[in-house]
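Peer 1: So the chains spell out like this:
There are 2 protein chains.
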Amino acid sequence: MTSEIYEQIDGFFNPSSIAVIGASATPGKIGHAVLKNLLEFHECGGRVYPINPAREEILGLKAYKTILDVPEKVDMAVIVVRSEAVPEIVDQCAKKGVKNIVIISGGFKELGGKFRDIEAETAERARRYGIRIIGPNCIGVYDPRTKVDTFFQPKERMLRPSPGSVAFLVQSGTYGIILLEWASMDELGVSKFVSYGNKMDVDEADLLMYLKDEPNTKVVGIYMEGLGNGRKFFEAAMEFTKRKPLVVLRGGWSEAAVKAALSHTGFLGGKGRIYEAAFKQAGIIVARTLEELYDMVKALARQGYAKGPRVAMVSNGAGPMVQAVDAVSVEGLELAQLTDETKEKLRENLSPFTIVDNPVDLTGSATPREYEIAINALLEDPNVDMVFVFFVHQNAPMNETIIDVMNEMNQKAKKLGKVLLAGAAGGPYTLNINKEMERGGIPTYQIPERLVAAAKALFLWGQKVKR
Amino acid sequence: MTSEIYEQIDGFFNPSSIAVIGASATPGKIGHAVLKNLLEFHECGGRVYPINPAREEILGLKAYKTILDVPEKVDMAVIVVRSEAVPEIVDQCAKKGVKNIVIISGGFKELGGKFRDIEAETAERARRYGIRIIGPNCIGVYDPRTKVDTFFQPKERMLRPSPGSVAFLVQSGTYGIILLEWASMDELGVSKFVSYGNKMDVDEADLLMYLKDEPNTKVVGIYMEGLGNGRKFFEAAMEFTKRKPLVVLRGGWSEAAVKAALSHTGFLGGKGRIYEAAFKQAGIIVARTLEELYDMVKALARQGYAKGPRVAMVSNGAGPMVQAVDAVSVEGLELAQLTDETKEKLRENLSPFTIVDNPVDLTGSATPREYEIAINALLEDPNVDMVFVFFVHQNAPMNETIIDVMNEMNQKAKKLGKVLLAGAAGGPYTLNINKEMERGGIPTYQIPERLVAAAKALFLWGQKVKR
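Protein sequence lines correspond, in order, to chains S and L. Heads up: the first sequence is residues 103 to 569, going by my numbering. Heads up: the second sequence is residues 103 to 569, going by my numbering.
These are computed hints drawn from the structure, not numbers from a lab. Some hints here could point you the wrong way.
One copy or two, either will do: identical chains are not told apart, so a pair holds if it fits within one copy or between any two.
Said to hold, decoys possible - Under the rule of at most 25 Å between Cα atoms (straight-line distance), these lysine to any residue pairs were calculated in the SDA-like manner:
(1) K537 with I549
(2) K164 with A187
(3) K566 with R345
(4) K131 with F455
(5) K568 with G543
The model shown is predicted, which means the values in this text are computed figures rather than measured ones.
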């Protein structure tokens with residue numbers, strides 16, 4: 103049995119038919135791009151209706167003057183007309199039996215004055231009709247399984263990720279685009295995506311109440327600028343984090359940024375970091391930058407959680423480990439004390455120039471085989487919860503067999519209930535190996551500080567899982 | 103007239119001939135990779151002598167049993183044999199008249215005990231002979247003009263940047279590799295590169311005294327783990343920053359990291375951030391991460407300096423500007439108060455949905471032409487020192503003409519003595535446009551916080567230029 107909110111929100115991801123109100127025949131127009139991106143939904147059996155008073159047909163689809171002229175049932179509408187026309191269109195949608203609306207257009211609350219009133223009026227009508235609205239002033243919804251895609255970013259300019267277990271909810275469409283393209287490049291699969299802009303109706307709390315029961319979603323990342331109804335949000339978050347991890351980045355906390363956020367999505371970001379304690383109390387993992395939000399979500403999706411804070415490191419180039427050790431102490435993790443047995447294993451089986459301590463420095467002459475010996479020993483050490491492996495893949499003694507080694511080590515880590523994270527940066531050669539590691543489910547980071555922050559999320563979630 | 107130190111250090115970048123002591127015929131070996139990377143130097147008219155007691159020829163070059171067997175003069179030696187053999191090899195080099203030695207091998211001070219003694223003994227002999235040594239435990243020297251390249255990273259695995267105006271000095275070879283590959287991908291040219299590892303002899307101070315007079319070098323970035331002779335360094339830095347900007351990242355400041363740095367390059371990182379004041383007093387711009395070091399150096403190389411702290415921003419997707427506004431307040435920059443004239447210009451010439459304030463939000467319907475109008479107005483505003491332009495290139499109404507717009511705006515900024523920085527992130531489409539912007543000399547950043555930190559460096563250097 104599913105809840106009412108579940109069915110309402112699920113309507114955005116599983117409609118049978120979608121009307122695009124304001125569909126345009128002119129390439130470069132937002133109403134053209136949205137329609138074009140929905141062609142795949144159409145090809146997969148969904149029905150798409152362009153609504154445009156001046157056209158018979160757009161992009162091979164029969165167009166209608168108004169939504170009321172569509173002969174079949176319409177489940178969802180995507181609105182891309184100017185704000186002043188929206189309240190009346192909502193009336194038409196209601197008459198047509200539409201249950202879900204995504205308003206892409208801006209020109210509402212964020213402009214203030216009469217536009218604020220238009221937003222209030224639209225929301226009021228939607229509530230009256232029992233219609234749920236995402237937006238306005240957003241890029242809307244993406245579902246890689248059902249191919250619902252309300253974006254105005256053409257596919258040749260913006261990668262879409264494959265189906266997977268991560269849901270992103272963003273107040274800023276820009277940040278949503280970036281997160282989705284990063285996920286695509288890492289082959290990190292997505293379950294649901296919502297850009298909700300001004301959140302006139304559907305807010306983070308509604309989406310969390312849906313996603314906590316949504317079976318494909320295992321972890322959620324949110325970028326928000328303003329809380330709106332804080333109590334509702336924290337209650338939903340507390341409920342959500344009983345089951346699944348939630349990472350939140352909050353923008354617009356400085357005084358100047360409060361003003362910028364206000365004119366962006368019409369929300370007050372809130373002064374200073376006063377909500378930080380409330381976030382933690384609700385079981386939320388707090389990210390400090392967009393990269394950190396992404397890094398943490400990726401780690402949680404791929405590696406689950408860490409049983410404890412004790413970290414062991416190994417590399418063939420120690421520089422990044424020096425920085426990682428700094429970061430470990432900042433982030434509240436610990437450098438593991440390796441057992442004598444582990445040290446003995448390392449000394450016996452590795453080159454005499456290896457620095458056997460934690461971190462383990464294999465030095466520039468290290469081969470994939472030496473990495474294997476070292477990672478094996480570190481994973482088997484009872485004092486170790488997480489192993490961070492840094493690479494200089496560029497070094498002559500290395501080669502691509504390291505990918506197989508790491509995949510095997512990742513299997514071993516999973517069996518032992520331990521975490522394995524990789525770090526490497528550079529040009530195309532290294533980035534390709536990173537991609538192979540990601541493909542094998544090993545989260546890979548270019549910068550040691552980013553790796554450590556992601557590890558912190560695994561530790562924090564592990565603490566919550568324990569309780 | 104050049105100084106003695108200038109000539110000594112210049113020898114590393116302009117030798118007529120190089121011997122590779124420990125050259126190997128086996129692919130994958132460090133001594134093989136180093137020799138192979140020097141083939142280009144050989145093809146450009148330099149002479150390269152592989153030294154290997156067991157081979158007649160390696161990679162098409164005649165090999166010699168010892169350096170003393172080479173019939174011609176040898177200016178520089180690159181040593182890749184185990185540490186125990188090094189003191190004697192230095193004797194041979196002295197006998198042969200070698201003036202510069204790069205020791206790639208590890209196995210010195212960083213291992214402690216007798217290895218520490220070997221390092222001291224080697225340094226002592228070099229001093230006695232008047233030979234300058236870079237290393238040990240490093241990847242050595244790279245000069246894109248003369249093709250001196252002592253790396254053991256094959257070219258197909260590691261990009262080399264073109265000739266340019268940035269010098270990087272790094273204690274960690276790994277970080278050096280990353281910086282050079284990032285520079286290559288951004289088409290940011292490099293003048294000189296030195297990875298100095300344990301800095302048995304040549305240290306940062308020596309290199310700075312050289313680079314302050316080296317005509318191709320306009321800005322220097324350093325990654326260091328330990329100061330060594332702090333007084334010497336600060337004196338050199340103070341001298342250097344009278345002429346050129348210097349950005350420094352220091353690793354290993356946490357207590358645990360001190361230990362890691364000690365076993366990495368045998369240096370004490372120093373407790374806490376006690377040196378921070380001294381760094382600032384010496385006119386050094388301090389970076390907090392490797393990315394920041396790179397970002398700042400890139401901004402300084404491409405945009406010079408900022409006359410003041412006053413920032414104006416514009417975007418077609420406000421999310422990153424919200425974060426940038428937060429960062430501006432953190433980094434000690436200021437949001438510019440736009441003049442009424444500027445606001446008037448923006449209101450008259452842009453869509454009525456534009457949010458005319460600072461930041462300027464062009465909203466998702468913005469075209470390259472609207473960007474042009476906005477950037478023009480912001481650059482012309484007397485209250486503005488720097489303009490940050492953020493993009494969602496993925497949006498349907500945008501297109502590649504934005505590259506021409508930005509190149510023109512960059513020319514205008516230069517004429518007006520103002521700074522122009524760009525921000526955009528995403529997948530291949532966006533990254534390609536970013537690359538085009540870089541090619542035009544516009545520093546481009548994926549993350550607003552990184553852009554703002556780079557801008558801070560331009561402001562700090564501008565303050566110094568004023569004095």
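Peer 1: Please go over all the hints and tell whether each is borne out by the structure.
Peer 2: Verification of the supplied hints:
With identical chains, the CA atoms of K537 and I549 are at most 25 Å apart both within one copy (15 Å) and between copies (21 Å). For the homomeric pair K164 and A187, the shortest alpha-carbon distance inside one copy (22 Å) is at most 25 Å, but the shortest distance between copies (82 Å) is not. Proximity of K566 and R345 under a CA criterion of 25 Å is satisfied intra-copy only: 10 Å inside one chain copy versus 54 Å between copies. Taking the closest pair of Cα atoms, K131 and F455 come within 25 Å of each other only across two copies (16 Å); inside a single copy the shortest separation is 63 Å, beyond that limit.
Taking identical chains as interchangeable, the C-alpha atoms of K568 and G543 lie at most 25 Å apart only when both belong to the same chain, with a minimum of 23 Å there against 52 Å between chains.
Taken one by one, the earlier hints all hold for this structure without exception.
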